[in-house]
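Undergrad: Here the protein sequences line up with chains Y and U, keeping their order.
Numbers 0 to 221, taken from numbering that gives the first Met the number 0, label the letters of the first sequence in order.
Numbers 0 to 221, taken from numbering that gives the first Met the number 0, label the letters of the second sequence in order.
In short, the hints are calculated from the structure, not lab data.
Where is the CB? At the ideal position from N, CA and C, for every residue including glycine.
Hints may contain errors.
[What the hints assert, rightly or not] Sample of chain U residues at the chain Y side, in silico, Cβ under 8 Å:
id: 1; residue: A71
id: 2; residue: Q88
id: 3; residue: G121
id: 4; residue: V124
id: 5; residue: L170
[What the hints assert, rightly or not] Derived CB-CB ranges, DEER-like:
id: 6; chain 1: Y; residue 1: I82; chain 2: U; residue 2: D176; range: 38 to 46 Å
id: 7; chain 1: Y; residue 1: R78; chain 2: U; residue 2: R50; range: 49 to 57 Å
id: 8; chain 1: U; residue 1: W210; chain 2: Y; residue 2: N27; range: 51 to 59 Å
id: 9; chain 1: U; residue 1: A75; chain 2: Y; residue 2: T68; range: 42 to 50 Å
id: 10; chain 1: Y; residue 1: Y172; chain 2: U; residue 2: A51; range: 21 to 29 Å
id: 11; chain 1: Y; residue 1: E55; chain 2: U; residue 2: K11; range: 50 to 58 Å
id: 12; chain 1: Y; residue 1: D87; chain 2: U; residue 2: D72; range: 31 to 39 Å
id: 13; chain 1: U; residue 1: A106; chain 2: Y; residue 2: E55; range: 52 to 60 Å
id: 14; chain 1: U; residue 1: E201; chain 2: Y; residue 2: E217; range: 48 to 56 Å
id: 15; chain 1: U; residue 1: W210; chain 2: Y; residue 2: T68; range: 28 to 36 Å
[Unchecked claim] With a cut-off of at most 20 Å between alpha-carbon atoms, the simulated EDC-like pairs for lysine to aspartate or glutamate come out as follows:
id: 16; chain 1: U; residue 1: K199; chain 2: Y; residue 2: D111
id: 17; chain 1: Y; residue 1: K213; chain 2: U; residue 2: D147
id: 18; chain 1: U; residue 1: K24; chain 2: U; residue 2: D130
id: 19; chain 1: Y; residue 1: K199; chain 2: U; residue 2: D130
id: 20; chain 1: Y; residue 1: K24; chain 2: Y; residue 2: D147
There are 2 protein chains.
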Amino acid sequence: MEINIQKRILEKNETDADHNRAYFKEKNVFVLNMMSSPGSGKTETLCKTLRALMPEIRVGVIVGDVCTTNDADRLAVTRAKVIQINTDQFGGDCHLAAHLIDASARALGCEDLDLLIVENIGNLVCPAEFDIGEDAKAVVLSVTEGEDKPLKYPLMFQVADIAILNKVDLLPYLDFDAALAVDNMKKVHPGIPVFELSAKTEEGFEPWLEWLRKKVKEKTAR
Amino acid sequence: MEINIQKRILEKNETDADHNRAYFKEKNVFVLNMMSSPGSGKTETLCKTLRALMPEIRVGVIVGDVCTTNDADRLAVTRAKVIQINTDQFGGDCHLAAHLIDASARALGCEDLDLLIVENIGNLVCPAEFDIGEDAKAVVLSVTEGEDKPLKYPLMFQVADIAILNKVDLLPYLDFDAALAVDNMKKVHPGIPVFELSAKTEEGFEPWLEWLRKKVKEKTAR
């Protein structure tokens, strides 16, 4: 029974996602869905990314959390347009569904944006199943989380277009084999580009920014 | 619609959890449900805990993951009775539902156990909503995850009977305010006991073991 209900929810979500896709196409905005476990450093990565890309690239952010506006507050200093969704009003949802993105993207307004980043709820399972009409999905894994996470949560790494391996500044203090983590990502998603970086120190940041600039350019040039 | 479906699923789960509770009471076994984000160190904490408690306390473990038997393999060296649930057969479920615990607990056999630990799926949202008929819930937070997680994922910290703040050996290398993290836990759950420890170095491990020994004794003495 649960699986059938889940199927129907996902079908409804897919229709909503198609609707979003048409809106994003009309507005000529590149949409990136960023997903990860809680505490992998999505918000810090975003803060540094917005600082590097703006104002050349006009960026908006939709931040999802069950509760609090902490992340939106942290992002406010970047002067990007930011809107926060709190899912506690929607039964404490563990993911951002396409219909929530629809409402938020329209409230934010995408006319004057080149790039819209959705910081999804910290969860390595459920958000992977929910298409939001984005152009690309990114998964962030922190080096503190263990090398085997891509094997344990394969769907997230399969659906992601790129992966970020964050907090590499902590590698000297951990028993973490970064090469093995990257191998495991490529085992579940052959060829996935992986950016090894530290949002804190900005070590390894440039290739990630380059990828993002290129994607935005491709979409907005259409 | 989604919220109503969710309500029905949770009601069905509650009935299944009551069924488990009766079984655990009959078998005189204390059941602990351990929950956390991916990579917070549940398995390492368990390995060290089993080594310290066994054979005086007879422990069994049910390990939940979407995929892989990595955790069960790591726990096998402790010689505890271990059973692995992979939810990818059940639509990649993001939590362990009570009916899965029922089947696994009976397959494992609880007759010769004093303590059954359920290592839930790495997810700080969904497992908090699913009662499995346990005696107590523990949440593990790693110091690498940020101090604000209790505020962002309050339900998990509200339903937990105790919290473990893990990986304190990394504190010298992080901008993490452990006192603030503990304050945030107590803000959403006044009075919650918090064990600050490192599963890796076993620093701060004794109070946690003491709590667990006491709980097992109370239940099995009945």
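Undergrad: Work down the list of hints and note, for each, if the structure agrees.
TA: We went through each hint and held it up to the structure:
| no. | hint | result |
| --- | --- | --- |
| 1 | A71 | violated, 12 Å |
| 2 | Q88 | violated, 10 Å |
| 3 | G121 | holds, 7 Å |
| 4 | V124 | holds, 4 Å |
| 5 | L170 | violated, 10 Å |
| 6 | Y:I82 - U:D176: 38 to 46 Å | violated, 28 Å |
| 7 | Y:R78 - U:R50: 49 to 57 Å | holds, 52 Å |
| 8 | U:W210 - Y:N27: 51 to 59 Å | holds, 57 Å |
| 9 | U:A75 - Y:T68: 42 to 50 Å | holds, 44 Å |
| 10 | Y:Y172 - U:A51: 21 to 29 Å | holds, 25 Å |
| 11 | Y:E55 - U:K11: 50 to 58 Å | holds, 53 Å |
| 12 | Y:D87 - U:D72: 31 to 39 Å | holds, 37 Å |
| 13 | U:A106 - Y:E55: 52 to 60 Å | holds, 59 Å |
| 14 | U:E201 - Y:E217: 48 to 56 Å | holds, 52 Å |
| 15 | U:W210 - Y:T68: 28 to 36 Å | holds, 35 Å |
| 16 | U:K199 - Y:D111 | violated, 50 Å |
| 17 | Y:K213 - U:D147 | violated, 34 Å |
| 18 | U:K24 - U:D130 | holds, 16 Å |
| 19 | Y:K199 - U:D130 | violated, 38 Å |
| 20 | Y:K24 - Y:D147 | violated, 37 Å |
Hints 1, 2, 5, 6, 16, 17, 19 and 20, counting from the list given before, are not met by this structure.
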